[in-house]
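Peer 1: In order, the protein sequences belong to chains A and B. Mapping to our numbering: the first sequence position 216 is 216, numbers consecutive. Mapping to our numbering: the second sequence position 180 is 180, numbers consecutive.
Just so you know, the hints here were simulated from the structure itself, not pulled from any lab data. The C-beta atom is built at its ideal place from N, Cα and C for all residues, glycine as well. Do not take every clue at face value.
To be verified - Straight-line C-alpha distance at most 30 Å; calculated DSS-like pairs for lysine-lysine:
no., chain 1, residue 1, chain 2, residue 2
1, B, LYS113, A, LYS176
2, B, LYS116, A, LYS176
3, B, LYS176, A, LYS75
4, B, LYS216, A, LYS88
5, A, LYS116, B, LYS113
6, A, LYS26, A, LYS51
7, A, LYS113, B, LYS105
8, B, LYS216, A, LYS158
9, B, LYS26, A, LYS88
10, A, LYS176, B, LYS88
11, B, LYS75, A, LYS213
12, A, LYS213, B, LYS116
13, A, LYS119, A, LYS105
14, A, LYS176, B, LYS136
Said to hold, decoys possible - Quick look at which bits of chain A chain B covers, simulated, 3 or more residues with Cβ under 8 Å:
no., region
15, 5-17
16, 159-172
17, 199-211
2 protein chains.
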Amino acid sequence: MNREIVLRLSKYRRLLQKLKIIGLEKVFSNNLGDALGVTPALVRKDFSHLKITGNKRGGYIIDDLIASINLILCKNHPLEIIVVGCGKIGTALMQHRGLAEDGIKVAAGFDIKPEKISKNSEIPILGIEELDSFIKNRQIKVGVISVPESMATSVFEKMVSAGITGFLNFSPVELKFNKDSQLFDNSNSCFINNINLAVEIENLFYYVNSRDKEEKQASN
Amino acid sequence: MNREIVLRLSKYRRLLQKLKIIGLEKVFSNNLGDALGVTPALVRKDFSHLKITGNKRGGYIIDDLIASINLILCKNHPLEIIVVGCGKIGTALMQHRGLAEDGIKVAAGFDIKPEKISKNSEIPILGIEELDSFIKNRQIKVGVISVPESMATSVFEKMVSAGITGFLNFSPVELKFNKDSQLFDNSNSCFINNINLAVEIENLFYYVNSRDKEEKQASN
Chain A
1 MNREIVLRLS
11 KYRRLLQKLK
21 IIGLEKVFSN
31 NLGDALGVTP
41 ALVRKDFSHL
51 KITGNKRGGY
61 IIDDLIASIN
71 LILCKNHPLE
81 IIVVGCGKIG
91 TALMQHRGLA
101 EDGIKVAAGF
111 DIKPEKISKN
121 SEIPILGIEE
131 LDSFIKNRQI
141 KVGVISVPES
151 MATSVFEKMV
161 SAGITGFLNF
171 SPVELKFNKD
181 SQLFDNSNSC
191 FINNINLAVE
201 IENLFYYVNS
211 RDKEEKQASN
Chain B
1 MNREIVLRLS
11 KYRRLLQKLK
21 IIGLEKVFSN
31 NLGDALGVTP
41 ALVRKDFSHL
51 KITGNKRGGY
61 IIDDLIASIN
71 LILCKNHPLE
81 IIVVGCGKIG
91 TALMQHRGLA
101 EDGIKVAAGF
111 DIKPEKISKN
121 SEIPILGIEE
131 LDSFIKNRQI
141 KVGVISVPES
151 MATSVFEKMV
161 SAGITGFLNF
171 SPVELKFNKD
181 SQLFDNSNSC
191 FINNINLAVE
201 IENLFYYVNS
211 RDKEEKQASN
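Looking at chain A on its own, in the form it has when it is part of the complex:
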């Protein structure tokens, strides 16, 4: 399944759980489409991947949909991650309520600065020298990188060699998996999601400004 479908499944699951809490038992594709801003046809197509079909009169059974999506998204297993770089962004992420609410547990944070280390906090913050053994012992597969630019590549390489294969990268470096590098010979591939906040904001300015230009030209 491609990334777009998987992201939508995550979003459907959230919505369905909210609807269930409110007391609903069934839902129509157009309700879900409205809430997510997509067409009902796309919702039905996505659900056909789950091999669940609704019926025109009653719609989809919410419990069945949730169970199927959980199975696909592996939500029945604990989702343990680590956060490397406990600056502002890293700490915000570690304490982000949204993660815990979604069953995602931050197993530990890692930092290079001795004053940040706190082994006994609710989410322990460990020194970077413990990164390799922690990942291996706990079999962590997914990690967040929130270190400064100058450290991003070396942290990434350390994490790959310890066994991390899924990366959410907030550093300004565009991390990528180089199949030809000897560094990566133990691993088939990695999944890297680079989120550069400055780039995302610049992108919004581009659209906002191009619309303003168009409007000015139209009114001349």
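Based on these hints, arrange chain B on the given structure of chain A.
Peer 2: Chain B in isolation, oriented as in the chain A frame:
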């Protein structure tokens, strides 16, 4: 231009500025492609939008590329944003060095909690009741939403009616622009980038786990 091209232009610009600082004057499409993990052909195609062509021997002139991209990305104007919701994520973003380094200035933060208000700090934090007049007076066009789920929609509507048209949304609500709603009759459209951190992490788990499953099946 579509979102993917605009995002890449932002990334080329960053790279080019770094190369310039190092002392380079020219660059080849394959160098930029390597750094970004895209093909040289795609780099050349992107640059053809800038109406700048390189030559096979010397490559592209870095200064020319930077100037053209700056013009397209409106980087010659100040990029002022506001951040609504000064919790962990909002505060991390306000203090994120990466933004200032890229010429993006947080004009103010807004929060509903009186204890968060600090009008005289470097980046002032104001009460939500000042949101409307601030946006209008300063003609702010781009805003970040980092409020809890229950407040996201009402904050979004307030920002739209004050004139914000570009949104970076970290709340777990999938915000969308409803053309048919009377609420939006003053505005042609909005650009909304929803970043749900829990969904992004779930997405990584999906890929990591599906690869593990494939490997287990292959070894059976």
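Peer 1: Need the status of pair A:LYS176, B:LYS88: alpha-carbon distance at most 30 Å?
Peer 2: holds (28 Å)
Peer 1: Can you confirm whether the C-alpha distance between B:LYS26 and A:LYS88 stays at or below 30 Å?
Peer 2: Not OK: B:LYS26 and A:LYS88 at ~36 Å, beyond 30 Å, violated.
Peer 1: Report holds or violated for chain B covering the region 5-17 of chain A, Cβ cut-off 8 Å, minimum 3 residues.
Peer 2: Contact hint for the region 5-17 of chain A vs chain B: holds, 5 residues under 8 Å.
Peer 1: Does the structure keep A:LYS116 and B:LYS113 at a Cα separation of 30 Å or less?
Peer 2: Given pair A:LYS116, B:LYS113 holds - Cα atoms ~28 Å apart, limit 30 Å.
Peer 1: According to a criterion of three or more residues whose C-beta lies within less than 8 Å of a C-beta of chain B, is the region 159-172 of chain A covered?
Peer 2: This one holds; 5 residues, not fewer than the three required, reach chain B with a Cβ under 8 Å.
Peer 1: Given the hint that A:LYS26 pairs with A:LYS51, does the C-alpha gap stay at or below 30 Å?
Peer 2: Answer holds: A:LYS26 to A:LYS51 is near 17 Å, not above 30 Å.
Peer 1: Is B:LYS216 close enough to A:LYS88, meaning Cα to Cα at most 30 Å?
Peer 2: violated (39 Å)
Peer 1: Decide if the proposed pair is consistent with the structure: A:LYS176 and B:LYS136, CA atoms, cutoff 30 Å inclusive.
Peer 2: Not satisfied, since the Cα-Cα distance of roughly 41 Å exceeds 30 Å.
Peer 1: Please verify whether B:LYS216 and A:LYS158 have alpha carbons no more than 30 Å apart.
Peer 2: holds (25 Å)
Peer 1: If you draw a straight line from the CA of B:LYS75 to the CA of A:LYS213, is it 30 Å or shorter?
Peer 2: holds (15 Å)
Peer 1: Keeping to a limit of 30 Å between CA atoms, is the pair of B:LYS176 and A:LYS75 held or broken?
Peer 2: holds (27 Å)
Peer 1: Hinted pair, alpha-carbon criterion (30 Å max): B:LYS113, A:LYS176. Please report holds or violated.
Peer 2: violated (41 Å)
Of the numbered hints listed earlier, those contradicted by the structure are 1, 2, 4, 9, 12 and 14.
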